[in-house]
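Student: Respectively, the protein sequence lines represent chains A and B. For the first sequence, the working numbering begins at 1 and goes up steadily by one. For the second sequence, the working numbering begins at 432 and goes up steadily by one.
Everything labelled a hint here was simulated from the structure, so no lab data went into it. Just so you know, not all the hints are guaranteed correct.
Pulled from the structure, derived: some chain A residues nowhere near chain B, Cβ distances all over 10 Å [said to hold, decoys possible]:
id, residue
1, Phe13
2, Val28
3, Gly44
4, Pro144
5, Met170
6, Glu182
7, Gly183
8, Ala194
9, Ser287
10, Asp324
11, Ala337
Pair ranges (Cβ atoms, derived) [stated by the list, open to error]:
id, chain 1, residue 1, chain 2, residue 2, range
12, B, Glu777, A, Thr174, 53 to 59 Å
13, A, Leu344, B, His481, 35 to 41 Å
14, A, Glu180, B, Pro678, 42 to 48 Å
15, B, Arg497, A, Asp199, 37 to 43 Å
16, A, Leu344, B, Val527, 35 to 41 Å
Where a beta carbon is used, it is the ideal one built from N, C-alpha and C, also for glycine.
There are 2 protein chains.
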Amino acid sequence: MPHDNAVTPLDGFHHWFATRAEATHYLVEEAPLDRLEGWRVDPGTGNLVHRTGRFYSVEGLAVDVREGAGRSWSQPIIVQPEIGILGLLVKKFDGVPHLLMQAKMEPGNINTLQLSPTVQATRSNYTGVHKGNPVPYLAYFTEPGRGRPLADALQSEQGSWFLGKRNRNMVVETTEDVPELEGFRWLSLAEVHALLHLDNVINMDSRSVLAACPAEPAGAAPGDVTALVSRFTAIKAARSVSRRRIPLKDVPHWHRTADRIVHDEGRFFSVLGVDVQAGDREVPRWSQPLLAPAGRGVIAMVARRRGDELRVLLRANTEAGTFDGAELGPTVRCAPANYQDGVLPEPAFLDYVLSAPGDRVLFDAVHSEEGGRFHHAENRYLVVEADDDFPYDAPDGYLWATPGEMTELVRHSHYLNVEARCLLACLHTLR
Amino acid sequence: MPHDNAVTPLDGFHHWFATRAEATHYLVEEAPLDRLEGWRVDPGTGNLVHRTGRFYSVEGLAVDVREGAGRSWSQPIIVQPEIGILGLLVKKFDGVPHLLMQAKMEPGNINTLQLSPTVQATRSNYTGVHKGNPVPYLAYFTEPGRGRPLADALQSEQGSWFLGKRNRNMVVETTEDVPELEGFRWLSLAEVHALLHLDNVINMDSRSVLAACPAEPAGAAPGDVTALVSRFTAIKAARSVSRRRIPLKDVPHWHRTADRIVHDEGRFFSVLGVDVQAGDREVPRWSQPLLAPAGRGVIAMVARRRGDELRVLLRANTEAGTFDGAELGPTVRCAPANYQDGVLPEPAFLDYVLSAPGDRVLFDAVHSEEGGRFHHAENRYLVVEADDDFPYDAPDGYLWATPGEMTELVRHSHYLNVEARCLLACLHTLR
Chain A
1 MPHDNAVTPL DGFHHWFATR AEATHYLVEE APLDRLEGWR VDPGTGNLVH
51 RTGRFYSVEG LAVDVREGAG RSWSQPIIVQ PEIGILGLLV KKFDGVPHLL
101 MQAKMEPGNI NTLQLSPTVQ ATRSNYTGVH KGNPVPYLAY FTEPGRGRPL
151 ADALQSEQGS WFLGKRNRNM VVETTEDVPE LEGFRWLSLA EVHALLHLDN
201 VINMDSRSVL AACPAEPAGA APGDVTALVS RFTAIKAARS VSRRRIPLKD
251 VPHWHRTADR IVHDEGRFFS VLGVDVQAGD REVPRWSQPL LAPAGRGVIA
301 MVARRRGDEL RVLLRANTEA GTFDGAELGP TVRCAPANYQ DGVLPEPAFL
351 DYVLSAPGDR VLFDAVHSEE GGRFHHAENR YLVVEADDDF PYDAPDGYLW
401 ATPGEMTELV RHSHYLNVEA RCLLACLHTL R
Chain B
432 MPHDNAVTPL DGFHHWFATR AEATHYLVEE APLDRLEGWR VDPGTGNLVH
482 RTGRFYSVEG LAVDVREGAG RSWSQPIIVQ PEIGILGLLV KKFDGVPHLL
532 MQAKMEPGNI NTLQLSPTVQ ATRSNYTGVH KGNPVPYLAY FTEPGRGRPL
582 ADALQSEQGS WFLGKRNRNM VVETTEDVPE LEGFRWLSLA EVHALLHLDN
632 VINMDSRSVL AACPAEPAGA APGDVTALVS RFTAIKAARS VSRRRIPLKD
682 VPHWHRTADR IVHDEGRFFS VLGVDVQAGD REVPRWSQPL LAPAGRGVIA
732 MVARRRGDEL RVLLRANTEA GTFDGAELGP TVRCAPANYQ DGVLPEPAFL
782 DYVLSAPGDR VLFDAVHSEE GGRFHHAENR YLVVEADDDF PYDAPDGYLW
832 ATPGEMTELV RHSHYLNVEA RCLLACLHTL R
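So here's chain A without its partners, still in its complex pose (with noise of 0.2 Å):
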């Protein structure tokens, strides 16, 4: 049964949130990557893996690639071919649609609690390597029958940080009556997306997953993306890209200490390692490394309306480990932290992006990456108007699309990076 929070909206939320905090016994430490439990480095690659081979290991990564001037480096990257479920359970209440969120604790999140989707587990979790108890609802996703898929995808995260990283996206609509277990609640879409403007409460799992949740279905018919479709295959086409697996060791600018992998000038990110005692996951007490990103990345797309119409201003991107040649990412994805010094060359649009007025800016929120691998990883999440000024042409490499498209690409893989796809959640919650 949904909440009543029609006089007080979210009122009956936060009660419940904080209490499912105060309920929430966890210990999180930071421990060196040299003594971390169940994992240790390979002698003679360097890579930090588990002792059983399993799980996800931190390997090197070289990458090539061809187009214009070109373009190579070498980094750290995790490596976890796994493909886990993110599964988000609908059903309508006197014709609302309600989505069933989790409070879930996560190692890395700097607030411990965050809403995920209704199952957020990886193969060795639902296929139980982690020897922990049995994963919520996951019937609903993997038994054909006990609900309608409203989308289901393999969806790339984060290229710069995992190779080839995919999650399975799935919204599955039920009829069923189900339970609302401990940890669970169903909240209207519509509340979702108003928690979506607060920081820090709405995981990446949830976000990437609402992307194919609009506030307006858009029905049986999608648009015709042909055209968007076809000026991205362009940019594809003319783009080789070329990845080897390295030994960790032999990936330059990069040492490791006692405690961490780091990058020689402290740029990019760091690998770490923590101790961890939860009272309400599957296992209670474990150790693992996290990838902590040097300082609060931006996350931004530029936007212009054209009567009703918005477009938001996309780049094809390659990453390291992008798992297509490029995705469409957000106008501008970066830690300013990495060019304060002027080292190096400063992104594109992001001194606009920051710059802009408040009267321009549509949406302003900070959010965290996947609290699970990633250590204190904020983003702040922007959607920027475009003065007149703003060139009406995308220029090389970028192209305007319109959330409307964007939502009906997503529903197929590998056109919307991860952050896209959680700002293309964002873009949902706008008029």
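Take the given structure of chain A and dock chain B to it, following the hints.
Tutor: Just chain B now, kept in the frame of chain A:
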């Protein structure tokens, strides 16, 4: 201007095609691999490479598929990271869609000339690496605004023979006056569909692009493929595939003679060399390796009618070089010669499609795979109607789809593999 075949259908075409064959001067001679002009065997790896490092190479690949019992193997494979253009120009004459087809010689063709799309060019072709003549009609596919894209997506080619090879498959409609250059001819879609019933006339690249050209255009409101995409996503999510390029000399069960690269038991394929002289190609004389399959293959779908609707059984295929973890292929795809000695288990449904009585054979023609890379690579393309005993539920790893659903999927990358696309082009010719 289109040509009038109204009285005697296709007579005009056949006369023109015979004239083209007479006007085409060519000579293809097999040449030992170790004396192939411009090519060399790398002494460290045994890989067969061009002396410039361009075009393509023959290397080794180790594949590991984790699903159920899992399977692992190694094999030689063609590595060609470049993305070429397969472009079909469409124009309506008196409201009837016509396609600009080219009579094109390829060195591996069993019958020299076949009909290619308007543009069939590797990136080396059209960016001038070959130092050959400019590619006719290229501008319609590379200059925005010269035509309206009806379909434009990267599509993969033979996963058994290529590592992640993709071409940009484009259908572009123009309203300009387009001259019919020598070797090119406007054919109506109905004529091309009729030619698909003849052996070895419509080449692989044409068939691949024709998959996006149904007899009745789908219009602006494509059907909802969410349920189908969901079933396919479930299969992909359960299948983890890892690939590793290895030196060709380290591939077990394969060896090199002075002439060829061959399997120890003569199975699967060999790699041979040819010297080519051709009067009408952009480069008049060259040498190259070709992959020669072990005997004529079978590419077949089992179909089932329900009222007016046809549904075909697709298999989620993971081959060595499949770009994504799996793509949807035909019910059966194999070379029966590999199984005649009884050492390897016969593929599912092979006997079923080959032993079907004539009244259940809906389509039957022999077509060639890409003559620029493959030597005399013929396949029998079959669509066979299921009898009442055929299982109604799709077996594990298979799914049923209508040609309309497949036509919607082919607008996007990596749903239908090249064999499924080629057979979809044939399905479009059925009423």
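Student: Next step is simple, just say for each hint if it's right about the structure.
Tutor: Here is what the structure says about each hint:
| no. | hint | in the structure |
| --- | --- | --- |
| 1 | Phe13 | holds, 30 Å |
| 2 | Val28 | holds, 30 Å |
| 3 | Gly44 | holds, 16 Å |
| 4 | Pro144 | violated, 8 Å |
| 5 | Met170 | violated, 8 Å |
| 6 | Glu182 | holds, 28 Å |
| 7 | Gly183 | holds, 25 Å |
| 8 | Ala194 | holds, 27 Å |
| 9 | Ser287 | holds, 25 Å |
| 10 | Asp324 | violated, 8 Å |
| 11 | Ala337 | holds, 35 Å |
| 12 | Glu777/B with Thr174/A: 53 to 59 Å | violated, 42 Å |
| 13 | Leu344/A with His481/B: 35 to 41 Å | holds, 36 Å |
| 14 | Glu180/A with Pro678/B: 42 to 48 Å | violated, 58 Å |
| 15 | Arg497/B with Asp199/A: 37 to 43 Å | holds, 39 Å |
| 16 | Leu344/A with Val527/B: 35 to 41 Å | violated, 57 Å |
Violated hints, in rising order: 4, 5, 10, 12, 14 and 16; the structure is consistent with all others.
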